Amino acid sequence: MKTSKALLIGVFSMTLLNATAAEQKIRTPFLDGWDQIPLAEMEKKAADFAGAYWIAGPGQRKQMALTFDDGPTEHTRELLKVLKKHNIHATFFWLGKQAEQFPNIVKEAAAAGHTIGNHSYDHPYSSKLSASVFNSSQIVPTQKIFQSILGFAPTLFRPPYGDLSDAEMVLLQKDNMHAISWSVDTRDWLVAWNKGQPAEIEKVVLNYAHPEAIVLMHDGGGPRQSTIAAVDAFIPKLKEQGYEFVTVDKLLGVAGKQ
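Quick note, in the numbering used here, the sequence shown goes up one by one and the last residue is 258.
Among the hints, a few may not be true.
Claimed, not checked - PhoX-like, lysine-lysine: derived pairs with alpha carbons at most 20 Å apart:
| id | residue 1 | residue 2 |
| --- | --- | --- |
| 1 | LYS81 | LYS107 |
| 2 | LYS25 | LYS62 |
| 3 | LYS257 | LYS239 |
| 4 | LYS174 | LYS144 |
| 5 | LYS85 | LYS239 |
| 6 | LYS62 | LYS239 |
| 7 | LYS62 | LYS203 |
| 8 | LYS85 | LYS107 |
| 9 | LYS250 | LYS62 |
| 10 | LYS44 | LYS25 |
| 11 | LYS107 | LYS97 |
| 12 | LYS237 | LYS81 |
| 13 | LYS239 | LYS84 |
| 14 | LYS84 | LYS195 |
| 15 | LYS81 | LYS239 |
| 16 | LYS237 | LYS203 |
| 17 | LYS144 | LYS44 |
| 18 | LYS107 | LYS203 |
| 19 | LYS107 | LYS144 |
| 20 | LYS257 | LYS174 |
| 21 | LYS84 | LYS107 |
| 22 | LYS239 | LYS203 |
| 23 | LYS62 | LYS237 |
| 24 | LYS44 | LYS97 |
| 25 | LYS128 | LYS44 |
| 26 | LYS84 | LYS237 |
| 27 | LYS237 | LYS85 |
Please keep in mind that the hints were generated in silico from the structure rather than gathered at the bench. Remember, it's a predicted structure, so these values are computed and weren't measured experimentally.
All chains should be built: construct the whole structure from the sequences, respecting the hints.
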């Protein structure tokens, strides 16, 4: 019996999809006692919604996407200067309420070539909301804010805390949006909490760096001087290792704008 070309293509596509899902692993360990979403839960979401929910890139290119959450804030401009100094672009997952407060920073970041993503309006645990409330109170208002500031709305969404229900994921897919998690949590939020040093953040990035990593950091939600200093320090070291820094949309090969 001959195998049809369509069937072969279908089998190949499914194999590729399964390989992509299998590679979606979080490298940094779980921190108990900090209300984190279990890592297995996020990894299962990536498997269940392969191609729409991402933890890392799908391949083994020596690329890395730096991402920053919770801004824009007064710290963002300093971070933008550091990124410009090293001639790299990053992805900013920003809150609607912060974008309303700092619209000029939003414009400056986009004009500099950085990708802007939606991080909800005011940072709730998404799965504690119904899917309809999540959409109407968090996604839609933030999309409208970015549309009004930039003339376009993002395609990338990072759920606060990595928390996202299946029903909410389905709504994102209907709006042609991708959910973006992370494979490396720098824990810069914990360093800021403990008034630690930039070297602590840098160490996590260097220890857990891997091809097509998505790295979680913050430019809002607290003091970020240590984050900015760490970024300035580890970028040259990773470049020496052969890493190229790209935005999340470029890493995944998807559109960054609606």
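Consistency of the hints with the structure:
1. LYS81 / LYS107: Given pair LYS81, LYS107 holds - Cα atoms ~15 Å apart, limit 20 Å.
2. LYS25 / LYS62: 16 Å, holds
3. LYS257 / LYS239: 28 Å, violated
4. LYS174 / LYS144: 17 Å, holds
5. LYS85 / LYS239: Cα-Cα ~14 Å, so holds.
6. LYS62 / LYS239: Holds. LYS62 to LYS239 sits at ~10 Å (cutoff 20 Å).
7. LYS62 / LYS203: Holds. LYS62 to LYS203 sits at ~19 Å (cutoff 20 Å).
8. LYS85 / LYS107: With Cα atoms ~19 Å apart, LYS85 and LYS107 stay inside 20 Å; holds.
9. LYS250 / LYS62: 13 Å, holds
10. LYS44 / LYS25: 10 Å, holds
11. LYS107 / LYS97: Holds. LYS107 to LYS97 sits at ~15 Å (cutoff 20 Å).
12. LYS237 / LYS81: 18 Å, holds
13. LYS239 / LYS84: Holds, at about 15 Å.
14. LYS84 / LYS195: Status violated; Cα separation ~26 Å.
15. LYS81 / LYS239: 18 Å, holds
16. LYS237 / LYS203: 11 Å, holds
17. LYS144 / LYS44: 30 Å, violated
18. LYS107 / LYS203: With Cα atoms ~32 Å apart, LYS107 and LYS203 exceed 20 Å; violated.
19. LYS107 / LYS144: At roughly 15 Å apart (the allowed maximum being 20 Å), LYS144 and LYS107 satisfy the hint.
20. LYS257 / LYS174: Satisfied, since the Cα-Cα distance of roughly 15 Å is no more than 20 Å.
21. LYS84 / LYS107: Holds: LYS84 and LYS107 sit about 15 Å apart, inside 20 Å.
22. LYS239 / LYS203: Given pair LYS239, LYS203 holds - Cα atoms ~15 Å apart, limit 20 Å.
23. LYS62 / LYS237: 14 Å, holds
24. LYS44 / LYS97: 30 Å, violated
25. LYS128 / LYS44: OK: LYS128 and LYS44 at ~19 Å, within 20 Å.
26. LYS84 / LYS237: Holds - the C-alpha atoms of LYS237 and LYS84 are around 16 Å apart, at most 20 Å.
27. LYS237 / LYS85: 14 Å, holds
Hint compliance for this structure: hints 3, 14, 17, 18 and 24 are not met, and every other hint is.
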